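Novice: Listed below, chain by chain, are the residues.
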Amino acid sequence: MQKASDNAAFDSATTYFQAGRELLGPNGWNTDPSVMLKLHSKGANACFISGHLDTMNELIGEVLSQDIPVTDKFEVYVVKIKAAYALVENHVAIDTAFEFRSKLGLPTFKNKPVNSFVIIKEFIKTKRTLGSRKAEDIASLPELTDGRIMMGQRMLELASTSCFSVSEQWLVTILVRHFLLTHYFSFCAGPANIVPIDCIYPGESIT
Amino acid sequence: MQVQPTLFPLIVFTLVRASLKHGTNASSCDAFGGYGIILNTVGKLQEGKEMSKTVDLLLAKPNMERMRSRSILICEGMIHHWTEPLHGTLAPLLRGYQTGLQSGDLESAAINRKSNIESVIILISHID
Numbered sequence: 001m002q003k004a005s006d007n008a009a010f011d012s013a014t015t016y017f018q019a020g021r022e023l024l025g026p027n028g029w030n031t032d033p034s035v036m037l038k039l040h041s042k043g044a045n046a047c048f049i050s051g052h053l054d055t056m057n058e059l060i061g062e063v064l065s066q067d068i069p070v071t072d073k074f075e076v077y078v079v080k081i082k083a084a085y086a087l088v089e090n091h092v093a094i095d096t097a098f099e100f101r102s103k104l105g106l107p108t109f110k111n112k113p114v115n116s117f118v119i120i121k122e123f124i125k126t127k128r129t130l131g132s133r134k135a136e137d138i139a140s141l142p143e144l145t146d147g148r149i150m151m152g153q154r155m156l157e158l159a160s161t162s163c164f165s166v167s168e169q170w171l172v173t174i175l176v177r178h179f180l181l182t183h184y185f186s187f188c189a190g191p192a193n194i195v196p197i198d199c200i201y202p203g204e205s206i207t
Numbered sequence: 001m002q003v004q005p006t007l008f009p010l011i012v013f014t015l016v017r018a019s020l021k022h023g024t025n026a027s028s029c030d031a032f033g034g035y036g037i038i039l040n041t042v043g044k045l046q047e048g049k050e051m052s053k054t055v056d057l058l059l060a061k062p063n064m065e066r067m068r069s070r071s072i073l074i075c076e077g078m079i080h081h082w083t084e085p086l087h088g089t090l091a092p093l094l095r096g097y098q099t100g101l102q103s104g105d106l107e108s109a110a111i112n113r114k115s116n117i118e119s120v121i122i123l124i125s126h127i128d
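Respectively, the protein sequence lines represent chains A and B.
Numbering follows this note's numbering, in which position 5 of the first sequence is assigned residue number 5; successive positions increment by one, without gaps.
Numbering follows this note's numbering, in which position 110 of the second sequence is assigned residue number 110; successive positions increment by one, without gaps.
Bound-form chain A, shown alone:
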């Protein structure tokens, strides 16, 4: 199974996984459910990467229809979200991610506009939680080991990709400043960290 996923040989991988599923046959879910789950989950991912979307949907549908714990369906949920994002169906990606988080019993969001005051409040809350921690302090935090939280984090990670993609305001802001800074620095002979950036953005100086 590992061999099938290595070296970005995802086209070959789909064949390996299909052969595995055929070997276990239609009763595979009864005889060896854990191997069948892996063959379907990894197979769906390989099909997604190699562009066999019909087969991918079949495999995802088969796993989701099984009477197994939701945590076992995590991998196919990830593939389903990534595929929705790739097909520019961002609302499907976000809804699927939030659905999985709620099935895990974790707090989630609704796909509704967020008030600016709520964003500012959450920003201040996050800044306070972060405190004066430096990069080294954060990197030395203990490793997350709770599988449920890890899955929930992954869902938020995937959802943020879809939100960022449709965020015209963010994109416009970033692109405009990207070009302003690039044009500004391109005319500077010295390193960027001695250039006062306040003339471009009236915020914090980088000097």
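A couple of the hints might just be wrong.
Unchecked claim - These stretches of chain A come out as covered by chain B in the derived footprint (C-beta under 8 Å, 3 or more residues):
| id | stretch |
| --- | --- |
| 1 | 50-61 |
| 2 | 121-130 |
| 3 | 135-148 |
As the list claims (entries may be wrong) - Here are the computed distance ranges between Cβ atoms for each label pair:
| id | chain 1 | residue 1 | chain 2 | residue 2 | range |
| --- | --- | --- | --- | --- | --- |
| 4 | B | Ser-125 | A | Ser-140 | 16 to 26 Å |
| 5 | B | Gly-88 | A | Thr-31 | 53 to 63 Å |
| 6 | A | Ser-34 | B | Lys-61 | 22 to 32 Å |
| 7 | A | Pro-69 | B | His-126 | 53 to 63 Å |
What the hints assert, rightly or not - To give an idea of the interface, some chain A residues facing chain B are shown, with a C-beta separation under 7 Å as derived from the structure:
| id | residue |
| --- | --- |
| 8 | Gly-105 |
| 9 | Phe-109 |
| 10 | Asn-111 |
| 11 | Val-114 |
Keep in mind that the hints were calculated from the coordinates and are not lab data.
Note that the structure is a prediction, hence the values are computed from the model and not measured.
Even for Gly, the Cβ is constructed at its ideal location relative to N, Cα and C.
Keeping the supplied structure of chain A fixed, place chain B upon it in accordance with the hints.
Specialist: Showing chain B alone in chain A's frame:
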């Protein structure tokens, strides 16, 4: 039905706080990278740079392979150019492209390459 882009900061803040509370894992790279983007956008460039450094340190930990290409994209394509010359991002973005191809993260690989080409075009356009 549409997606609400205003969810992006809320999701990032939740990810950051969860990482600080429960510990770090691969998703923390996205959390602190996303937070860095937000900080830069509101003018906190040094803090944004610190978040980028956090991502680099997290990537040095084991089992972070799937995040490598994506994190290079976030740090080099969306954070570093705020405080450093653009040409410094060219080689890392190219490395992000190659890493993405190897790990199967084709989306990040493609965007890394796109950012690399865009940066080259911008830099070339200013050669006299």
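Novice: Taking the hints in turn, state whether each one holds.
Specialist: Here is what the structure says about each hint:
1. Here the stretch 50-61 of chain A counts 0 residues with a CB under 8 Å from a CB of chain B, which misses the bar of 3, and the coverage is violated.
2. By the rule of at least three residues with a Cβ nearer than 8 Å to a Cβ of chain B, the coverage given for the stretch 121-130 of chain A holds, with 6 such residues.
3. Counting residues of the stretch 135-148 of chain A whose beta carbon lies closer than 8 Å to any beta carbon of chain B gives 10, which meets the minimum of three for the stated coverage.
4. Roughly 43 Å separates the CB atoms of Ser-125/B and Ser-140/A, a value that falls outside the hinted 16 to 26 Å.
5. A beta carbon spacing of about 56 Å between Gly-88/B and Thr-31/A agrees with the range 53 to 63 Å that was offered as a hint.
6. For Ser-34/A and Lys-61/B, the hinted distance range of 22 to 32 Å is satisfied, since their beta carbons lie about 28 Å from each other.
7. Checked against the given bound of 53 to 63 Å, the beta carbons of Pro-69/A and His-126/B, roughly 57 Å apart, stay inside it.
8. Using the Cβ-Cβ criterion of 7 Å, the hint placing Gly-105/A at the interface with chain B is not satisfied: the shortest such distance is roughly 14 Å.
9. Hint status for Phe-109/A relative to chain B: holds, with the closest Cβ pair at about 6 Å, below 7 Å.
10. A hinted interface residue such as Asn-111/A counts as satisfied when its beta carbon comes closer than 7 Å to some beta carbon of chain B; here the least separation is about 6 Å, so the hint holds.
11. With 7 Å as the threshold, the beta carbon of Val-114/A comes within range of chain B, its nearest partner Cβ sitting at about 4 Å, so the hint holds.
Hints 1, 4, 8 from the earlier list are contradicted by this structure; the remaining hints agree with it.
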